[in-house]
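**Student:** As you go down the protein sequences, you meet chains A and B in turn.
Each residue of the first sequence is one higher than the one before, counting from 411 in this note's numbering.
Each residue of the second sequence is one higher than the one before, counting from 411 in this note's numbering.
Everything labelled a hint here was simulated from the structure, so no lab data went into it.
One should not assume that every hint holds.
You can't tell identical chains apart in this list, so a pair holds if it fits in one copy or across any two.
Cut-off 25 Å, straight-line C-alpha distance, at most; resulting in silico cross-link-like pairs (SDA-like, lysine to any residue) [as the list claims (entries may be wrong)]:
#1 K541 <-> E623
#2 K541 <-> G578
#3 K534 <-> K767
#4 K541 <-> R710
#5 K534 <-> L445
#6 K767 <-> D728
#7 K767 <-> L464
#8 K767 <-> P475
#9 K534 <-> R710
Protein chains: 2
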Amino acid sequence: MTLTGRAYRVELRFFRFVNRQAMAVYTPAEIGMPLAEVDTPSLILDLDAFERNLDLLDASLAGKPVKVRPHAKSHKCPEIALRQLARGAVGVCCQKVSEAEAMVQGGVSDVLITNEVVGAAKLKRLAALAKRARIAVCADDADNVIALDQAARAAGVTLSVLAEVNVGANRCGVEPGEPALQLARRIAACGHLRFAGLQAYHGSAQHLRKVEERRAAIEQAAARVRLTTGLLDRAGIACEKVTGAGTGTYLFEAVSGAYDEIQPGSYIFMDADYGRNDWTGSGIPGFEHSLFVWATVMSRPVPERALVDAGLKAFSVDSGMPRVADLEGVECVRASDEHGVLRVNGTLRLVVGDRLKLIPGHCDPTVNLHDDLVCVRAGRVEAIWPIAARGAVW
Amino acid sequence: MTLTGRAYRVELRFFRFVNRQAMAVYTPAEIGMPLAEVDTPSLILDLDAFERNLDLLDASLAGKPVKVRPHAKSHKCPEIALRQLARGAVGVCCQKVSEAEAMVQGGVSDVLITNEVVGAAKLKRLAALAKRARIAVCADDADNVIALDQAARAAGVTLSVLAEVNVGANRCGVEPGEPALQLARRIAACGHLRFAGLQAYHGSAQHLRKVEERRAAIEQAAARVRLTTGLLDRAGIACEKVTGAGTGTYLFEAVSGAYDEIQPGSYIFMDADYGRNDWTGSGIPGFEHSLFVWATVMSRPVPERALVDAGLKAFSVDSGMPRVADLEGVECVRASDEHGVLRVNGTLRLVVGDRLKLIPGHCDPTVNLHDDLVCVRAGRVEAIWPIAARGAVW
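Please model the complete structure; the sequences and the hints are all you need to start from.
**Tutor:** If you want it as structure tokens, here you go:
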């Protein structure tokens, strides 16, 4: 191949398109098809459960002084983002520039990248995207702030930048208090940046099993936020908003008085790992499992074992094996590339060709394995939503 | 959308193509680009190491009475398959019909699907593919054999079917001996099927850490094969070939006298989990790590911690965290969707913007996360090979 630059990339995309097109049944479903006929393994969305989850979030937040900005890294699907926006979300969160590009391309006009963006190529795309939509991004490093300012100046835009503060997750972020104040000053001092507030997400709190552990973690996070906003206030730096929270804790942030915006993502799908959290007395509603990997029994060699045609390439196991839905006496105990190994109560009738639904251990990386979300209602395919940002890691 | 059937699928593909095209820098590299400029996270192939691995396999098998049929589930890339065939491989293995379709589309003319294929839609595609290339498939269930025969008859082809035998992995497969003989009889009795031999892969042996454990497991597998081929022989059923083996054990199968064909896949890449095997005295050569996830340091909040922009959506963690290549004093200790958390020796100079290579824990599901393999030689991008069967789980 002798093409270069953009022409080469277009050629490569087209090659891939033609190559895939040649594989006749690459889309596992057609609209109107009974679920029983949908090819496996595929990613199924129960639309009724999904819509009830949207309702439950809204109801749980009625009267609470926070805005909702759902995290799109969970679904990577503009069709879902648009439904969240239609219910009053102020925008979406993304984790990468390319994910944000897919959302803007899909009709979303307000995106917060809840992450640091590093490197000239990405910063150029980020600044370009800020001409097409309201874009904000996080920073936790002084040199990165300078690079953001330069990229914004080169593109002729003003970029909104939030200071990411470590409120307990020990991932990215400057420490609360003085270090955060210094970073905010640097951002505010840049001619082509606007200091847009604090990113204060406590990721590791989300899967603490006990309600009281999660509540305590968020109380501590809120204290760290207040320490920082107090300093900003005394320094005369306006803090437009504090944003954070996930499905495991969002109601605690919502009532803390310290947060203005919350970022839950998984509530729409409710994976098996979130299902292991205790919720009693948390006030957070009982979200339903709406996302499933649809799988076929492909082997039943002995009574105590069955194999399904979904494995590591159809679901992620970083947060444990998937759970088998709606069927007692069957447990997914291990997985290889294209096999899920089920331990079966020997008396259960389960034969080659039977189909079943697996609840993914972790929804986000599972969604990222699939190109299409097969949307089902009353046992039939109602829609097929492209997972437009699948693989958008840049 | 009101289109249906194939027209709808074409529309959906085209929508996805246009949608992706709109994301300007979706291809992380250009030919001729220095590695340092390749966007992250991306999947890098060190071509020199890859080619040495191809050589090492060949050299280790010189004079051994087996043919090589590498497993394409590891790479999903016709460009690699064609290079394996050019060095004398008799064909490739695939795990799914859609993976086989991608290989045939990419120029491979002989594919063994080392797996059961279940369901009318898939069997129809399997039979259609058998008109375009030499295709063989496995079975371990009597009813599935009947379904295979019907699909072959409907398409007007004769399908080659191997009986999968459980030689110790306890995944799919009938038990050795009498059950395998019965299954072979059923296959041989079908008018549109040809009994093509035994699939005898011992998957769980591949990652036993000690050489002697792996050798003993394969001796047991070979004994189970011989029990079965002895019965077939006495029953007058010709067993054309016995096929199996992976990177961890292939030389033991090769010298066992029980196997005719071997199926190593990971030897071309050599992931971190295979790197934890002991190889001393096995005769299996020291394959090099040739596959890397190229990542950027995006945050260095405290001396003992750095974050890279590659997480669960850039590498699979089912076999453990990736290892950091070529750098002492840094360890990847956990991962979230888009973050890899590195524990750093505090004195190491590692700043935001630095790039590093991660050796994936498990190559197969890591490859399946990426659309392109960025092929590098002497620090420059020499080629970009599409991972054509990425996501081909059907």
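**Student:** Next, verify each hint and record whether it holds.
**Tutor:** Now for the hints, and whether the structure bears them out:
1. K541 <-> E623: neither (42 Å within a copy, 61 Å between copies)
2. K541 <-> G578: Classified as neither; 34 Å inside a copy, 60 Å across copies.
3. K534 <-> K767: between (43 Å within a copy, 24 Å between copies)
4. K541 <-> R710: neither (56 Å within a copy, 30 Å between copies)
5. K534 <-> L445: between (44 Å within a copy, 19 Å between copies)
6. K767 <-> D728: Both: 19 Å inside a copy, 21 Å across copies.
7. K767 <-> L464: within (22 Å within a copy, 40 Å between copies)
8. K767 <-> P475: neither (38 Å within a copy, 45 Å between copies)
9. K534 <-> R710: Classified as between: cross-chain Cα gap 22 Å, same-chain 54 Å, threshold 25 Å.
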